[in-house]
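First to last, the sequence lines map onto chains A and B.
This note's numbering puts the first residue of the first sequence at 6, with every later residue one more than the last.
This note's numbering puts the first residue of the second sequence at 6, with every later residue one more than the last.
A hint or two may mislead.
Where chains are identical, the list cannot tell them apart; a pair therefore holds if satisfied intra-copy or between any two copies.
Derived pair list, reagent style BS3-like, types lysine-lysine, alpha-carbon separation capped at 30 Å [to be verified]:
#: 1; residue 1: Lys401; residue 2: Lys351
#: 2; residue 1: Lys112; residue 2: Lys82
#: 3; residue 1: Lys218; residue 2: Lys145
#: 4; residue 1: Lys246; residue 2: Lys82
If you're looking for bench data, these hints aren't it; they were derived computationally from the structure.
From a predicted model like this one, the values you see are computed outputs, not experimental measurements.
Protein chains: 2
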Amino acid sequence: MLLLASILCLTLQANAQQALFGRQEVISPEIHPDNTVTFRFRDAKAIEVKVTGDFLPTQKVETPRGTYDAPGTADLKEGENGVWTYTTPQPLPSELYLYSFIVDGLKVNDPANVYRIRDIATINNFFIIGGGQGDWYRVKEVPHGAVIRCWYDSPTLKMQRRLTIYTPPGYAHSGKRYPVLYLLHGVGGDEEAWISRGGCASQILDNLIASGKAQPMIVVMPNGNVAQEAAPGESPAGFVKPSANLPHTMDGTFEASFPDIVNYVDKTFRTIKKKDSRAIAGLSMGGFHALHISAQYPGMFGYVGLFSAAILPREGSRSPIYADQDKKMDAQFAQKPLLYWIGIGKADFLYKANADYRKKLDEKGYKYVYFESEGGHIWRNWRLYLTRFAPLLFQKH
Amino acid sequence: MLLLASILCLTLQANAQQALFGRQEVISPEIHPDNTVTFRFRDAKAIEVKVTGDFLPTQKVETPRGTYDAPGTADLKEGENGVWTYTTPQPLPSELYLYSFIVDGLKVNDPANVYRIRDIATINNFFIIGGGQGDWYRVKEVPHGAVIRCWYDSPTLKMQRRLTIYTPPGYAHSGKRYPVLYLLHGVGGDEEAWISRGGCASQILDNLIASGKAQPMIVVMPNGNVAQEAAPGESPAGFVKPSANLPHTMDGTFEASFPDIVNYVDKTFRTIKKKDSRAIAGLSMGGFHALHISAQYPGMFGYVGLFSAAILPREGSRSPIYADQDKKMDAQFAQKPLLYWIGIGKADFLYKANADYRKKLDEKGYKYVYFESEGGHIWRNWRLYLTRFAPLLFQKH
Chain A
6 MLLLASILCL
16 TLQANAQQAL
26 FGRQEVISPE
36 IHPDNTVTFR
46 FRDAKAIEVK
56 VTGDFLPTQK
66 VETPRGTYDA
76 PGTADLKEGE
86 NGVWTYTTPQ
96 PLPSELYLYS
106 FIVDGLKVND
116 PANVYRIRDI
126 ATINNFFIIG
136 GGQGDWYRVK
146 EVPHGAVIRC
156 WYDSPTLKMQ
166 RRLTIYTPPG
176 YAHSGKRYPV
186 LYLLHGVGGD
196 EEAWISRGGC
206 ASQILDNLIA
216 SGKAQPMIVV
226 MPNGNVAQEA
236 APGESPAGFV
246 KPSANLPHTM
256 DGTFEASFPD
266 IVNYVDKTFR
276 TIKKKDSRAI
286 AGLSMGGFHA
296 LHISAQYPGM
306 FGYVGLFSAA
316 ILPREGSRSP
326 IYADQDKKMD
336 AQFAQKPLLY
346 WIGIGKADFL
356 YKANADYRKK
366 LDEKGYKYVY
376 FESEGGHIWR
386 NWRLYLTRFA
396 PLLFQKH
Chain B
6 MLLLASILCL
16 TLQANAQQAL
26 FGRQEVISPE
36 IHPDNTVTFR
46 FRDAKAIEVK
56 VTGDFLPTQK
66 VETPRGTYDA
76 PGTADLKEGE
86 NGVWTYTTPQ
96 PLPSELYLYS
106 FIVDGLKVND
116 PANVYRIRDI
126 ATINNFFIIG
136 GGQGDWYRVK
146 EVPHGAVIRC
156 WYDSPTLKMQ
166 RRLTIYTPPG
176 YAHSGKRYPV
186 LYLLHGVGGD
196 EEAWISRGGC
206 ASQILDNLIA
216 SGKAQPMIVV
226 MPNGNVAQEA
236 APGESPAGFV
246 KPSANLPHTM
256 DGTFEASFPD
266 IVNYVDKTFR
276 TIKKKDSRAI
286 AGLSMGGFHA
296 LHISAQYPGM
306 FGYVGLFSAA
316 ILPREGSRSP
326 IYADQDKKMD
336 AQFAQKPLLY
346 WIGIGKADFL
356 YKANADYRKK
366 LDEKGYKYVY
376 FESEGGHIWR
386 NWRLYLTRFA
396 PLLFQKH
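So that you can see chain A by itself, here it is in the shape it has in the complex (with noise of 0.2 Å):
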């Protein structure tokens, strides 16, 4: 009993002091084992308090630069001890969902869910509802990757620059080599955003292996600002405000370094240094990334994925990348990918961008595998891709 009431007092103490600013008591979010979800937050004074969210049906804001789809609101009523709460009124599909409080006109985060995702300057809660697509989100009882964060050597780009890596299970002690898939992220994001819960990049590699879906690999998340060392405060460049305006993105300047990346990950890594065993994939920017690299070094990469990508014109650009694509993409299919994929969602305001693409390469005859999926140029999307195309990736191993 001495031990216990030692390490009652120890735990209340530190807490006192370590968590320095009081804590919350309330349940939030509670997820119903019918999958309905319920929403509570506590503030006595509030007039009104709403959730808003991406499980919520989008509505239609007008601003001076159009119209956009906004995650809709939904109120929460106020109960006993100036608890509020809002359930939803039907069970939610299987799928991470974001959200956010809005009390009296100010947004804030759910103080009683410490978990967050952080993309570009937004910082959201969000949580897993089970059962279906979810699932491949969640940590599961299966043998798990590492995940690293390392920094390579750019001569091209005179810069060291961070890097996160996952390697898969059993990596440390097989002594095998491993194929290896390059995987970028869109404008504003960094080397955190694939593998943060916006991505989800490391349970979904670890569900899918685990499940005989797809083969083990490497997964390289590089940074595709050149303009950055690093993420967001992990740089010499301190704790500046994460952005999307940033220099020197699409000018051609990350696809002509980009083997300065792939000579670090095969220095580096047991990786299996041929085109069969490497594969390029990327969201919105990173897609355009993706396009580019892979026509640019034809011998690089078998397999090239494009989630929601910015197929943008670059006619006006001076960077050599961008010159001669038409001849660069015949190189590239004569060749003859091993995949050539295109996923696109049907709302996303690239979809006819995709869509010209799609009706260009099939001009030529060239052979790539389409996925549409609903809703537009979100992480759901992004997520769902990488469950469907890492399963397509190396399988002659």
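Starting from the known structure of chain A, arrange chain B on it as the hints suggest.
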């Protein structure tokens, strides 16, 4: 111009859809050249906005459980456009500081600052004032180590468990073997605690090694709560609320299973597998662990660090780990540790327990190094202790 327009278009739309929930435009915190700091918060509807943080003088708070020191608060004043501001009257000494806002009684994170630290179930914003001790916590233009999250097998606990490992700059290609510091967290912490911006372990080690003050070393940060496979959110237990009240805390189980960790590390990394090349240190509960692990396995660690150690009586415990403490200590000190280091803050609630322990060491004539700091049981001290302790390790290499 087409290029630029396309990028901007993409950026705006990507922001509109990815970021989902709007943006804040104020700059907060703003660190001025003289190291005064301005906090800003936009909320036209608020009646009262305060900032609370560890840069403010503490205040006594009375609770049914006793009186303790809580961080103070300061009032922001409303200016134009609903922007509230507070500027510190004095420059702040160089340090990493935590803060939050309190808006009409509701604690909220600063929405203009995405940089946050989770400590158990509390999330605060942070910022760094440079020019002194705080510089050890910054990412600088120096060679960087790698940070690895991996899983080890614990036959003793019959679990796969998650582990954070820092390897020093150059590890990947040097072919050399390195000494190892095992660095343990406090109650309610986990394998993320020391590597988070609370502990700043990777920044501290990078900077100490680059400045020649510390030897290149591997740092192993395990999870000291044997009820957990991994940090909250990183295990199959799902998104449970982090808690300092976990079962099997300080009951001898972690200490008894510690050789599983050393075995994994020695098998997986290029370590120097001998006592003089192994150190163990920990904060609070981790200091307790370091004390008992180093005494239980006197041939394992040449260096021991107790950071605000929770030195608690264990006569009531049935664990053999805590039996025959005096005999174990005699055996440990008979082998003359290269360093037995004790650090404590003058205001720490464990100050007396540490003074009593030192008295016991003095009576037995056992040598140790003692470091006393200002303040209490807080991360500020544990970061400081690491910057003082690490340079004393492995000097013979």
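Results of checking the hints against the structure:
1. For the homomeric pair lysine 401 and lysine 351, neither the shortest alpha-carbon distance inside one copy (32 Å) nor that between copies (64 Å) is at most 30 Å.
2. With identical chains, the CA atoms of lysine 112 and lysine 82 are at most 30 Å apart both within one copy (17 Å) and between copies (20 Å).
3. Taking CA atoms no more than 30 Å apart as the test, lysine 218 paired with lysine 145 passes inside one copy only; the shortest distance there is 15 Å, against 42 Å between copies.
4. When the C-alpha separation of lysine 246 and lysine 82 is checked against a cutoff of 30 Å, the pair qualifies only between copies, where the shortest distance is 24 Å, while the shortest distance within a copy is 35 Å.
Hint check: a violation occurs at hint 1 only; the rest are consistent with the structure.
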